[in-house]
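Could you use the hints to bring the two separately framed chains together as a complex?
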Amino acid sequence: MSLKNRHLLGLEGYPAEDIQTIIDTAFTFREVLDRPIKKVPSLQGQTIVNLFFENSTRTRISFELAQKRLSADTVNFSASTSSLKKGESFKDTVQNIEAMKIDACVMRHPTPGAPLRLTEYVDAVVINAGDGTHEHPTQAILDMTSLQEKFGHIKGLKVGIIGDISHSRVALSNIHGLITMGAKVTLCGPATLIPPHITDLGVKVNHNIDEVIAWADALNVLRIQMERMGVSLFPSVREYRSLFGITTERLAKHKKEVVIMHPGPMNRGVEIESAVADGDQAIILDQVLNGVASRMAILFLLLGGKAES
Amino acid sequence: MKIKKLVKKTLFKGGTILDPVNEKSFKGDVLIENGKIAGVGKVSAKNVDVIDCTGLTITHGFCDLHVHFREPGREDKETLQSGSKAALAGGFTRVCVMPNTDPPIDSPESVRFIAEKGAECPIHIHPIGAATKGQKGKELTEMGGMAAEGAVAFSDDGLPVMDGGVMRRVLEYGGMLEKPVINHAEDVCLRSDGVMNEGKMSTKLGLPGNPVEAEGIMVHRDLELAKLTGAKIHVPHMSTKQSVDHVAEMKKHYDNVSAEVAPHHLFFTDKDLYTFDTQLKVAPPIRSKTDKKALIEGLKNGTIDCIATDHAPHTIEEKETTFDLAAFGMIGLESCLGAVMKVLVQEKGIDLMTVIKALTVNPREVMGFNTSLCADKTPAEITVFDAGETWEFTKNNIYSKSSNSPFLGESLVGKVKYTVVKGFLTSL
Chain A
3 MSLKNRHLLG
13 LEGYPAEDIQ
23 TIIDTAFTFR
33 EVLDRPIKKV
43 PSLQGQTIVN
53 LFFENSTRTR
63 ISFELAQKRL
73 SADTVNFSAS
83 TSSLKKGESF
93 KDTVQNIEAM
103 KIDACVMRHP
113 TPGAPLRLTE
123 YVDAVVINAG
133 DGTHEHPTQA
143 ILDMTSLQEK
153 FGHIKGLKVG
163 IIGDISHSRV
173 ALSNIHGLIT
183 MGAKVTLCGP
193 ATLIPPHITD
203 LGVKVNHNID
213 EVIAWADALN
223 VLRIQMERMG
233 VSLFPSVREY
243 RSLFGITTER
253 LAKHKKEVVI
263 MHPGPMNRGV
273 EIESAVADGD
283 QAIILDQVLN
293 GVASRMAILF
303 LLLGGKAES
Chain B
5 MKIKKLVKKT
15 LFKGGTILDP
25 VNEKSFKGDV
35 LIENGKIAGV
45 GKVSAKNVDV
55 IDCTGLTITH
65 GFCDLHVHFR
75 EPGREDKETL
85 QSGSKAALAG
95 GFTRVCVMPN
105 TDPPIDSPES
115 VRFIAEKGAE
125 CPIHIHPIGA
135 ATKGQKGKEL
145 TEMGGMAAEG
155 AVAFSDDGLP
165 VMDGGVMRRV
175 LEYGGMLEKP
185 VINHAEDVCL
195 RSDGVMNEGK
205 MSTKLGLPGN
215 PVEAEGIMVH
225 RDLELAKLTG
235 AKIHVPHMST
245 KQSVDHVAEM
255 KKHYDNVSAE
265 VAPHHLFFTD
275 KDLYTFDTQL
285 KVAPPIRSKT
295 DKKALIEGLK
305 NGTIDCIATD
315 HAPHTIEEKE
325 TTFDLAAFGM
335 IGLESCLGAV
345 MKVLVQEKGI
355 DLMTVIKALT
365 VNPREVMGFN
375 TSLCADKTPA
385 EITVFDAGET
395 WEFTKNNIYS
405 KSSNSPFLGE
415 SLVGKVKYTV
425 VKGFLTSL
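Taken in order, these protein sequences are the chains called A and B. In this text, residue positions in the first sequence follow the working numbering: the first is 3, and each later residue adds one. In this text, residue positions in the second sequence follow the working numbering: the first is 5, and each later residue adds one.
Isolated chain B (complex conformation) (with noise of 0.2 Å):
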C-alpha cells in the first residue's frame, strides 16, 4: 500500500465509472484537481498524471457505518490511524466508528477526542456517541452535546439496551435531535450463554445455542418503538430472516427505517463452525442457510440498505483460545468488497450497482452524509476496483493491527486498487 498526496491534476483514465446516485454506468475517466472533481466522463486535460484505469471500475469511495477502532483503551488492537490504513485497503473513505471504547465515548467531551483524532486520520471518521451513560442501558447521555461535538448518531453497540422503557426514551430523545439510533438488536435472556447459532450445528457441537428469536423479538421490539417516537432508527448487523421479514413488514408503514448487513453473515453459515473455528465466533452470530439466503434475498430487494463490515480486531491470545473464552467478533474492512462481490454477483448473480449502492449512497443517505460525490468541485471520494479479479485473502492484505479473519485462504472476487480521499492517493 502506498499513500502520497494527489499531485495538482490526477485523470483516471479510461474505466468504467459506476455512479450509484444516478444508476449509470459508462465508460469514461476522472479529473481530479486540486483533490477536488473536475471533470467526469470523456475528459481531455494537459498537464495531468494519468492513472490507467482500462478493465477497472471507477465510483464512490465507500462509506461503512460499523467499525471498532477501539481507541481509547484498547490500542494494542487497532487505532484510529491503523483503522484508517484498513479502510483505505478495503477502499472505504468514510467510516462510523462505535463508541464501546474503554472508557465508552459517552459524553461530548469523549465524542470531540475522537472527532479531533479522526480529523487527523488519511479517512473521514465520524464518531458514533453511547445512547446510556457508560453503555449500562439506564441513564441517557448528553446527546445534545455529543451531537454538537460531532457524532452522528447513537448506540450502545456490543451491548443492547435491554430496558424497553429506556429504549423508548433514546429514541424520543435521539430523535428530537434528528439522529438515527442503532440498537445491538439481542435480548441478553434469550442468548443465554449462547456462542453460536442455536441449531443442529451447535447441538452436534455441543456448544450453547444463540436463537434466532433473541434477535428478532429485539428487531422487533426497536422498529415498534421507531414508529410510536417517530425516531430514525438502524438496525445493524442483522442476521436472521426473522429480522428482514420484520424490517420488510415496517418498511410499508413506517419510512424511518434502515438496515445493515455484514459479510460475513452473507458469507458464512454455521456449518462452517464444524471445526470450533474461534475467527467465526461473532455476535450476532453466523446463522443458518435459510438465513443467509434471506439476507442475501432482503439485499437484493431493498429490505436491507446497507453493507457494514463490523470490523471488530481482537489480538492472536484473544481468538487463540477455546471456544468458550475467544472474543466475539472479526475484522472486515479489507477482505468486504471482495467477499459481497464473490457471494451476491458472482454466485447470485445479483447487479454490481445494488451492491455499490449498499457500500456507497445508501449508507450515507442513513447518516445525512454528502452523496453527489460526482459533482463538480466536490473534495473527492473516490474508490477504484478490478470487478474481474478472483484474488486469495491472505495476511498480506491486512492493514489492521489484528488479523483476526475467517475470510484467511478464501479465494474473493472484486478487488480495490485506488483509493482516493482528503487529497491523497492510496494505490494498492
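Chain A with its partners taken away, still in its complex shape (with noise of 0.2 Å):
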C-alpha cells in the first residue's frame, strides 16, 4: 500500500485510487482516534517539519496532532518568529531547515508553486498545506473524507461549492479531487468571485444560489475574507448575505436535507448563519476531526509508516 507520487502537492492530476487510498486509510485511523490512548507509534523517530510561512491556526493544529499521534517529532516554523523578516530569502530558509536533517516538510505558503519549488531544494517529503490561491490537497481529502462517511460514496455526488472562488485554494483543490472521484461540482458566487475559465476544469457555474441548493447533496459554504469587500469584488455583506448567504429560512424551502460543510474559520451572520452551522445538517466538526485522521493517512503513506500489528 503505497502511493505514486513521493510529495503531496496538489489534486490535479492526483491518481483516484490514491486518493481512495488515502480515504480508506484515515477511516482506520479514525478508530485509533477514538481509542482512550490516541497514539500509534508508526512514524517513531521520523523528524517533520511544519513550516508556516503564513499565519494558520486549524491546518497547523491539524497537523501537529496528526503528527504526534504517529509518534513523529515535530518543529515548528513560522515566519513571523523567523529570519525571513531579516531579509534570508526563501531558498536558504528552507536549505537550512533541510540540513538539519528531516524527513518531511509541510508547508503552508502564500504564493502558487512555493511547495514545487520547495521539492527542488530539499531531499524531504513535500506536504502541501496551502499554497497562496493554487491547492490545499489535505483540506479537499478530508472534506472528501467527510462526504464519504456522510454518504458512503463519493461517485455520483453532487457537490455545490459556495462563496469566493477566485482566492479559495480550498475550492481548486475540491473541484481537482471531487472530478477526479466521480462527483459533479457547481460553483456559486459572485460572478467577480468566479475565475472566468474555471469551467474548463468540468465544473458548472450557477449565480443562482437556490437553484443550486435544490440540486445539491451537499454544500461547502467557503469563508467570505472581508478584505475583498472594497475592492469592487463584491459591494457589502448585506448584499452578499442576501444573494449567497446560507440561512435556515432559504434551506427550509426545499424538502431534501442538504448536507453543510465549511472549512473553516467560519463568519457567521455572512456566508453561513449560526443556526446553519450549528444545525443538524451541518458536518463542520466531523470535518475538523476527519482532517486530523485524513493527515495521519497521508503522513503514514508518504513516510512509509509501519502498519500496527
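It is worth saying that the hints were derived from the structure and are not from the lab. All C-beta atoms, glycine included, are put in the ideal place defined by N, C-alpha and C. Treat the hints with care, since some could be wrong.
What the hints assert, rightly or not - Calculated cross-link-like contacts (lysine-lysine; reagent style DSS-like; alpha-carbon spacing at most 27 Å):
hint	chain 1	residue 1	chain 2	residue 2
1	B	Lys-323	B	Lys-231
2	B	Lys-204	A	Lys-206
3	A	Lys-186	B	Lys-275
4	B	Lys-304	B	Lys-140
5	A	Lys-160	B	Lys-204
6	B	Lys-323	B	Lys-255
Stated by the list, open to error - Per the computed footprint, the stretches of chain A lying under chain B, defined by three or more beta-carbons under 8 Å from a beta-carbon of chain B, are:
hint	stretch
7	42–49
8	125–136
9	197–209
10	252–262
Said to hold, decoys possible - Over the 12 Å line for every Cβ pair with chain A, so calculated as not near, a few chain B residues:
hint	residue
11	Lys-9
12	Ser-86
13	Asp-106
14	Lys-204
Pasting the structure below:
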C-alpha cells in the first residue's frame, strides 16, 4: 500500500486510486482517535518540520496533532518568528532547515507553486498545507473523507461550492478531487469571485443559490474574506448575505436535507447563519476530526510508516 | 567567442548570400576591405584572409529594436559592454536600448551618456529616450534635445503611458520630430496583479491572470491616437491575437504603423508555466496557443514587421524565488536566431527570407537606419550563420552578465558563426 507520488503538492492529476487509499486509511485512523490512548508508534524516529510562511491556526494544529498521534518528532517554523524578516531568501531558509536532517516538510506559503519549488531545494517529502490561491490538497481530502463518511460514496454526489472561488485554494483542490472521484460540482458566488475559465475544469457555474441548493447533496460553504470587499469584488455584506448567504429560511424551502460543510474559520451571519452552522445538517465538526485522521493517513502513507500489528 | 580586428582584406568565401533588401539569395563571396564592403558575388582577390563559408548563410547584421542593457544603475545585471557581447553572440550588430534604467534616460544629458558609452562598444548602440519625465506618464521630456543627442525613438517601456491625454501629447510631439513612439501596451488597471496569461492555466495554478484585453485595448487606443496625430507608432512585444488583429486593421488605413514580436512569445505557451518556472515570468506574459498561432501568422503575412528580443537581464536572486516575487523578463539575444528559426522555419515552414527581413531590414526601416548594407564602401555589418545546425542552448552560449533564460536546455535550429561590425570580426 503506497502512493504513486512521493510528495502531496495538489490534487490536479492525482490518481483516483490514491485518493481512495488515503480516504480508506483515514477511516482506520479514525478508529485510533476514538481510543482512550490516541497514539500509535507508526512514525517513531521520523522528523517532520511544519513550515508556515503564512498564519494558520487550525491547519497547523491539525497537522501537529496528526504527527504527534503517529509518534513523529515535530519542529515548527513560522514566518513571524523566523529569519525571513531579516531578509533571508526562501531558498536559504529551506536549505538551512533541510541541513538539519528532516524527513518531511509540511508547508504553507502565500505563493502558488512554493511547495513545488521546495521539492527542488530539499530531499524531504513535501506536503502542501496551502499555497496561496493554488491548492490545499489535505483540506480537499478531509472534505471527501467527510462526504464518504456521510454518504458512503463520493461517485455521483452533487456538490455545490459556494462563495469566493477566485481566491480559494480549498475550492480548487476540491474541484480537482471531486471531479477525479466522479462527483458533480457546481460553483455558486458573485461573478466577480468566480474565475472566468473555471468551467474548463469540468464544473458548472450557477449564480442562483436557491437552484444550487435544490440540486445539491452537499454544500461546501467557503469563508468570505472581508478584505475583498471594497476592492469592488462585492459591494457589501448585506448584499452578499441576501444573494448567497446560507440561512435556515433558504434551506427550509427545500424538502431535501442538504449536507452543510465549511472549511473554517466561519463568518457567522455572513456566508453562513449560526443556526445552520450549529444545526443537524452541518458536518463541520466532523470535518475537523476527519482532518486529523486524513492527515495521519497522508503522513503515514508518504513516510512509509509501519502498519500497526 | 573571439573578437579581433579585421585584417586589411577578408573574404567570406563560398556561402549563400541572403540579401533581405532585394529579397535575393545566391551563392557567392563577400569581400571586406578596410572594414568596408568591397565586393559581393563572385569575388576573386589576392592577399586576403579567407573565411570558408561553405554551407553557411551570409546576411546583413541583425538589428534589435528592444533591449535592456541596465546601464546606468544596474550594472550588476548588464552593461552596455556586456550586452554588446551578448548581441554579437546572437548575430546582432545594432541595438536600441530602452530608457528604463536607474535613473531613466529622460534628458538630453542622459541620452548623451548612452550615446558616448555606446560609441566605445563593439556594436552600434542607439538610445531610446523616455517619453515622459521619470517615466511617470505625466510630463513630456525634452524630446527635441534628446533627439539631437541621438535618441532614435521615445518610450516609457516597462511602464505604459496610462493617461490617454498624455499619450496623445507624446505622439504629437514625437511626431513633430519624426521619431517613432513606442508604448508598452498594458492597461495596468485591467492587468491588476496579474503575473501570467489569464486562462485555464492561470486558473489551475492559482496565479493572478492578466487578460489579453489588457494589451489589446491599449494597442487599439495607441493606434487610434497615432492616426489622430499622424505620428509614427511602433507596437512593441505583441503577445496577443487581439493586438495582431488591431494592427492588421490599422495598417489598411494608416501607414505609420509597425510592430514587433519577441522570440519567447513565438516559442512558448502558457502551458509551459505548469512548473511555476520563474524564467517564463515576463511582461507581457506568455500567452495561449491561439495567441502564439496568430503571432506566427502575423509575422508571416507582414502584419508584424520585426523580431525584437526584449532582452531583459536579471540576477539569479531575482529569479530564484517564488513566482510572485520574481522579476519580469528574460534575456534573449543569444538564443534569438535559434529560437525563431526553429519555430518559424523548421516547424511552420515559413521562408528564411521573411524571418531574416524581420531581423535586419524591417527594424532598420522602422528607425530610419541605412538598409543598403551590400552597397560598395558601406561599413560592413554582416552576420554569418549555419541555417541547418541543431544545437542545445546552454550556459556556455550566454555572454550576458545574467543567465535568466527559459531557452536553457532547449534544442534550437540555426546558429550564428561570425558577426562583423565596426571593423571587428567575432567568431563563435
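(request) Find the hints from earlier in the document that the structure breaks and name them by number, from lowest to highest. (result) Checked against the structure, the hints that fail are numbers 1, 4, 6, 7, 10 and 14, while the rest are satisfied.
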